[in-house]
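Model the full structure from these sequences, guided by the hints.
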Amino acid sequence: MRNALMAASFLALAGCSHSTPTAPASSTQAQAASVPAQALVDAPDRTEADRKLDAGRHPAALLEFVGVKPGMQVAELMAGGGYTTELLARAVGPTGKVYGENPKVVLERFAEKPWQERLARPVNQNVVRLDRELDAPFPPELNGTLDAVVSHIIYHDTGWLGVDRAKMNAAVFQALKPGGVYVILDSSAKPGTGITEGQTLHRIDEQLVREEVQAAGFKLQEEGNTWRNPEDTRDWSSSPGAAGERRGTSDRFALKFVKP
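As numbered in mature numbering (1 follows the signal peptide of the UniProt record, and there is no 0), residues -19 to -1, 1 to 241 make up the sequence shown, in order.
Worth double-checking, as some hints may not be accurate.
The calculated PhoX-like cross-link candidates involving lysine-lysine, where the alpha carbons are at most 20 Å apart (straight line), are [said to hold, decoys possible]: (1) Lys148 with Lys85; (2) Lys148 with Lys94; (3) Lys171 with Lys200; (4) Lys237 with Lys158; (5) Lys158 with Lys200; (6) Lys171 with Lys50; (7) Lys158 with Lys148; (8) Lys148 with Lys237; (9) Lys50 with Lys158.
To be clear, the hints were calculated from the coordinates, so they are not data collected in a lab.
Here's what the structure looks like:
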């Protein structure tokens, strides 16, 4: 349940205007759109602790895969300490908004202090804290408003947390706009293991995720290979505390689903 938790990348800056009869992009959105994901990751005000995680997490690739743009409204499930949340906040810029959800047990066990510290950073002024359970991660007023929802290496934790994943995925579907995306990255388990290794090896069978999410009405739109490692034997724990020098090297699938 990793410090998927520390969120993430850089804000969008400002920029150009239009004199067209249709609604022009704001100057803030236009300049922000011109900032590549890697430039957001390289921003000088990111913490050293976050930078140390970048090599294994590939944050620029994540932002590009999600397709985050300035002005969007996005959310992260089980944000933990906020590594990814801050990256999303930087990407949507001051005209966008990021909702960082955490269940009670995560806050109590390890995330409350780093999460508070994360939210106090000026770059995260556009982040809204949601203390909610994964079965119902968003308040009703968000239904139909989100452009993207990100689940970053935490889907496997839903097993030992006792989450009703059908309800969780249905809630994500309801919160997204038509055309909105649900992006799930996680460490892959051996085929046929389902979610049985979620607590022991911190992994999940990719096929199970595909089936559960599509059962909620989503369509698979894209797969990402940046995080793949065919040499991973998938028989060791990918938990940050147990992986040691292998941290960040597990074979990870990246799936982008779309709400029709």
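So which of those numbered hints doesn't the model satisfy? 2, 3, 6
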